[in-house]
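Protein chains: 2
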Amino acid sequence: MNPGVQIDHTDRIGEIKVLLEAHDEEGLLRLLGTLHASDIGRALAGRAGLAGRAGLAGRAGLAGLDEEQAVEVFKRLSPELASEVLLEIDERLRKSLISSITSEELIEVVQELETDDATDIISELPVEDAKQVLEGIEEKDSIALQKLLVYPEDTAGGKMQAELVSVAESATVEEGIEEVRRKGREMENLSSVFVVDAGGRLTGVVQLNKLIIAEPRSRMKEIAEADPVKVTADLDQEEVAKIFQKYDLIALPVVDADGRLVGRITIDDVVDVIEEEIFEDFYKMAGLNLEERVLDAPARSIWMRLPWLLINLATAFLAASVVRVFQGTIEKLVILAVLMPIVAGMGGNAATQTITVVVRGLALGELSLNNARWFIIKEMLVGLANGLMTGVVATVAAYLLGANILVGLLLFLGMTANLVIAGLSGAFIPIILKWFKVDPAISATVFVTTCTDIGGFLSFLGLATLFMRAGIL
Amino acid sequence: MNPGVQIDHTDRIGEIKVLLEAHDEEGLLRLLGTLHASDIGRALAGRAGLAGRAGLAGRAGLAGLDEEQAVEVFKRLSPELASEVLLEIDERLRKSLISSITSEELIEVVQELETDDATDIISELPVEDAKQVLEGIEEKDSIALQKLLVYPEDTAGGKMQAELVSVAESATVEEGIEEVRRKGREMENLSSVFVVDAGGRLTGVVQLNKLIIAEPRSRMKEIAEADPVKVTADLDQEEVAKIFQKYDLIALPVVDADGRLVGRITIDDVVDVIEEEIFEDFYKMAGLNLEERVLDAPARSIWMRLPWLLINLATAFLAASVVRVFQGTIEKLVILAVLMPIVAGMGGNAATQTITVVVRGLALGELSLNNARWFIIKEMLVGLANGLMTGVVATVAAYLLGANILVGLLLFLGMTANLVIAGLSGAFIPIILKWFKVDPAISATVFVTTCTDIGGFLSFLGLATLFMRAGIL
Chain P
0 MNPGVQIDHT DRIGEIKVLL EAHDEEGLLR LLGTLHASDI GRALAGRAGL
50 AGRAGLAGRA GLAGLDEEQA VEVFKRLSPE LASEVLLEID ERLRKSLISS
100 ITSEELIEVV QELETDDATD IISELPVEDA KQVLEGIEEK DSIALQKLLV
150 YPEDTAGGKM QAELVSVAES ATVEEGIEEV RRKGREMENL SSVFVVDAGG
200 RLTGVVQLNK LIIAEPRSRM KEIAEADPVK VTADLDQEEV AKIFQKYDLI
250 ALPVVDADGR LVGRITIDDV VDVIEEEIFE DFYKMAGLNL EERVLDAPAR
300 SIWMRLPWLL INLATAFLAA SVVRVFQGTI EKLVILAVLM PIVAGMGGNA
350 ATQTITVVVR GLALGELSLN NARWFIIKEM LVGLANGLMT GVVATVAAYL
400 LGANILVGLL LFLGMTANLV IAGLSGAFIP IILKWFKVDP AISATVFVTT
450 CTDIGGFLSF LGLATLFMRA GIL
Chain X
0 MNPGVQIDHT DRIGEIKVLL EAHDEEGLLR LLGTLHASDI GRALAGRAGL
50 AGRAGLAGRA GLAGLDEEQA VEVFKRLSPE LASEVLLEID ERLRKSLISS
100 ITSEELIEVV QELETDDATD IISELPVEDA KQVLEGIEEK DSIALQKLLV
150 YPEDTAGGKM QAELVSVAES ATVEEGIEEV RRKGREMENL SSVFVVDAGG
200 RLTGVVQLNK LIIAEPRSRM KEIAEADPVK VTADLDQEEV AKIFQKYDLI
250 ALPVVDADGR LVGRITIDDV VDVIEEEIFE DFYKMAGLNL EERVLDAPAR
300 SIWMRLPWLL INLATAFLAA SVVRVFQGTI EKLVILAVLM PIVAGMGGNA
350 ATQTITVVVR GLALGELSLN NARWFIIKEM LVGLANGLMT GVVATVAAYL
400 LGANILVGLL LFLGMTANLV IAGLSGAFIP IILKWFKVDP AISATVFVTT
450 CTDIGGFLSF LGLATLFMRA GIL
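Chains P and X are the protein sequences, given in the same order.
Sequence positions in the first sequence follow numbering that gives the first Met the number 0 and run 0 to 472.
Sequence positions in the second sequence follow numbering that gives the first Met the number 0 and run 0 to 472.
It should be emphasised that the hints constitute simulated quantities derived from the structure, not laboratory data.
Glycine included, every Cβ here is placed at the ideal spot set by N, Cα and C.
You may find that some hints are simply not true.
Said to hold, decoys possible - So the derived list for chain X, only partly shown, Cβ under 7 Å to chain P, looks like this:
#1 S141
#2 A315
#3 V322
Use the sequences and the hints to build the structure in full.
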């Protein structure tokens, strides 16, 4: 981290742009020296990700750098700063910046990175380039990276780094401190030392502050927390994040199938996972691909959203076919066509509330198959109560707007029925999907809104038809 | 943290229940000794939060503890474990458990907590009880807590703890290590030492591993990272979380208006904030109160969700009044009533996609007023393209289902128009709300879906009316 950083940075894109265009080499280097990698990354992405791609221009002061200018700035960064900037930008800009430097420069940049970040960058390179980098860096580092490259990106193995301090159980505290001196010089976020047995199996953890406090001649084994929380390398990143939160960890050791220590995950890498997983749930609910970002080109967004819209179109036709059954009823009383979207829409809104509560409850582990039955009944009760109350309001409103009192009664009955359907389907469907190990967020909304659309039309128009047959409407 | 913890805990509620009912005191204490606070918290909340409140029974094996049993278990915990369990449960259960112990016991429990957690618990107590606790604990702790109690819960001051190690600039590394020895014994997550000048103003930070490595007789000032990232106590917690993520921090010093060090925030407290803020956005989108949880009693959920449903009802009537204008058109051609929900529904789905992307973009800082114009145009393009494509599919489907080709054309035009409206309103409205400093998540969905409902009905039925007037339909 840049030590001179203050928290009150304003947007420096304009400043960089002016210096670049004035060819003020010295001023540019001075400015870059005062900025944090994340600010530089933002400046580089500013326009390269935006108008640079879409061909839309903004006012000079507000617009960012174009891709050519981004490359110009990137080339002037030290390998250390360049390596940090690469971690702050999106994959596409990263590819473009990497392709602008020589493979020797890239090797220098990769050597500045922690192993977990280096692995991420190398795995994005074309095979030939990746090979060249792995051959170019120090052999020790290359071997470490090749071991890490085996693990899928979204597992504990993919998130871990090889940089860690481990000490034998039998070593003294003095020797442990010596090991921290030897290895800890260049490490960020080193908060604990791992203790291993003769076979390399993890048996304990010592926090650095406890290590400092301990009697120098005591054994590591004596002062270690025995049987520490640990994970295997193949564990999914979402589970890893849950363990960090459950035990309030800042670092977590990773072991292989035999319990041998292979790496360490630090919390700063997990924070992004936690954020990503929550956004993923809600993206799925809206039928979005998590890969889609604000700055994506229009064509990319179009193709990513189209499949979901087509699925929704199919379910919309399904609901419309229900309306079609009651075409004759509507013909006799057109006000039904005016009011029926209210019944369906209110069901959809109530169902969205229920699904959102379910998604959060499942994510936080508050909702499980143990309490599912209770929750489903609760949601039906909530739907019934709110259906009765909003139904009364709707009926009065319809009456004031000139609708027949019997039509008002239909509206009341239809809304109440549909809000119960919303509560039932909004709670039951995600839970049953979870039971069958299908992702509850992605498929729930399609099924549930289909239920409330069909439920709304069926209850409102169906009751109207019955009323008509009975001769009271 | 309990050192014996493994990560493969299964649900132990049943086991606790059986031991409680068998009055197996010894077995119960043994079992509780092997469990982590978060598992005990979950067991206590299991049923007290559920059937215990709702009066619904489950099968004995699966059901959790009722509130009385939760109290029985809680009373048997050591002050240390009890203090950790209190942090794992919701406010209501916490109140009930706290009221089951004597004020002497509560004082013991509070003394086990870190100052930030103790502050949270004390601020929930009735004033008299809070006073009693503050008078009962050690004077030094009491003063520290009273200082922290001043800050609102959702600020840096509310999240910080008073436990930290600070050393004078002029002190030697040896003296710095001595200070860690003195104060760091009972501290969790101590990863760095703060360096202050003679006036108590923060001037630097030293990571513990750097402290261990340093030459014992060098001065703290020489080895410290100067001018470190810091925040003032009044900063909003959302901003604090952003700073942690931007600089990959695990601890952040908090200073007062004069730059004097007053506390420290650790990342484990920030992770919950990050999670909460994201859920808050999506809860607002669905018209939910963030306070609502899966385990809430039905009555609470009913009242919390009703206001939003009423607002939606009002907007649904607004949309219905548009349909009413075209009642005559529908009377002449009832198939319009069958197809019109498709047009409105597809607009709503496309708008939800856009709003979700906007909420994430604003949360991650990728979308700003700088690139807003570009984004709005992009979303309209995406709407246009997907409107044309889904419109074609819809037209063919309607034709195959027996609709007139002209009605199919209306469907095509209506859907295309409404998906452009969805892109425009879905992007423009949240951004303009942000501009006016209104929370973009909360109000966007109401406005936007009203736009797509009205837009859908207006374009589809309006065009149909024009076609009829022109005599082509």
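Practice prompt. Of all the hints given earlier, name the ones this structure violates by number, lowest first.
Written response: When the structure is compared with the hints, only number 1 turns out to be violated.
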